[in-house]
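Peer 1: Heads up: the sequence lines are chains L and C, in that order.
When the first sequence is numbered by full-length UniProt numbering, its final residue is 219 and no position is left out of the sequence of numbers.
When the second sequence is numbered by full-length UniProt numbering, its final residue is 219 and no position is left out of the sequence of numbers.
A hint or two may mislead.
Claimed, not checked - DSBU-like, lysine-lysine: derived pairs with alpha carbons at most 35 Å apart:
id, chain 1, residue 1, chain 2, residue 2
1, L, LYS141, C, LYS217
2, L, LYS205, C, LYS217
3, L, LYS204, C, LYS215
Please keep in mind that the hints were generated in silico from the structure rather than gathered at the bench.
Protein chains: 2
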Amino acid sequence: MANQVQHPYVPRDLHLPGYVPCFLSQSEIVTPFLGSSLLLVVLIWFISGRFHKISKLDRLLMCWWAFTGLTHMILEGYFAFSPEFYKEKTSFFLAEVWKEYSKGDSRYAGRDSAVVTVEAVTAVIEGPACLLVIYAIARKKAYSYTLQLAICLGQLYGCLVYFITAFLEGDNFSTSPFYYWVYYIGANCWWVLIPSLIAIRSWKKINAAFQSERKTKTR
Amino acid sequence: MANQVQHPYVPRDLHLPGYVPCFLSQSEIVTPFLGSSLLLVVLIWFISGRFHKISKLDRLLMCWWAFTGLTHMILEGYFAFSPEFYKEKTSFFLAEVWKEYSKGDSRYAGRDSAVVTVEAVTAVIEGPACLLVIYAIARKKAYSYTLQLAICLGQLYGCLVYFITAFLEGDNFSTSPFYYWVYYIGANCWWVLIPSLIAIRSWKKINAAFQSERKTKTR
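Can you build the whole structure from these sequences, using the hints too?
Peer 2: Take a look at the structure:
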């Protein structure tokens, strides 16, 4: 077809009829994302400072949960339920994000079922749960650490599925090593690192609660 | 090829060069599995009865964790690391199990990467963790409920990936409605139902521990 625009993704034989290229440059996509994320973090940091007796670490965690929760719900939620984002004819920001990110992992444009599944679970279940954590920390709910542990384990399981399926299918979905390391590895490694740290902390807090309960009972 | 044996799986165009049919009948595969599982459960029930102060519910849970842990490690572990099980020329039991189960979900014989990933995570991480739960319950470890919650959430996430990826790919991997309902739904629904129940119980137990800890602190 004469009108068919070539997509930039790898593998080159990926079939994307009706593909429309990015309208925005890389920096026009990344800057608003990082900028609004930073704004959100600053906002949550100051609002949480008005609550009494919330430690600085918990305030930092509230910032993270707000950032990751909204990323899950808005960015990943859009992807999960927009199978034709690569055909988007306007510079609609969320479509641009995934057109750009697909250079790091073409399974997004190619609608790989494992990727769609992980993103849908993340957006629908984990996203709202992240926002609930913010409330749970602010109100010092008993389920705060349990919920944090549960979400972190979900995020880690999602990353395992995400990376292992790519590995099993030949790990050849990046346009170039730059996109591989910056998008595929660089953007995702935070969702391995930070959930691991929070999961370990939550695990320890829960164990401490059981040890305290036991002491109470044996008094 | 004249020597190529037709496989019984759906979709019919699934390419399985070197396929060797089942040697055992359905009952010759299912009976030893259910029989040895029952033997294991009876064994764990009586051994756990010799420990003091373990409730009947906890003893029942120990039976479940032994059954599910060994199923994960042996049955699912074999599958995860045996890409060519469908070529097995002997009546080796574990290969027979997966040749037979593939009638309910041909993605096993077809080596679908999402299925292999979920099975590998289940076998390598969750399997040993299930056996650790038995020890944790017997020794009344503080981490007992946390570990149970973590494994149950992993099992549930695995089931979500398992079922949603099949749905997204057209849900057409069963030889017949019989195999669909008995193998694909029937065999897996227990790993949705039971982990859900144990997760809810663990969640409540952890919350109770935090509430008890709070009372101690505010005394």
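Peer 1: Could you run down the list of hints and mark each one as holding or not?
Peer 2: Quick rundown of the hints versus the structure:
no.	hint	in the structure
1	L:LYS141 with C:LYS217	15 Å, holds
2	L:LYS205 with C:LYS217	14 Å, holds
3	L:LYS204 with C:LYS215	19 Å, holds
Hint check: no violations occur; every hint is consistent with the structure.
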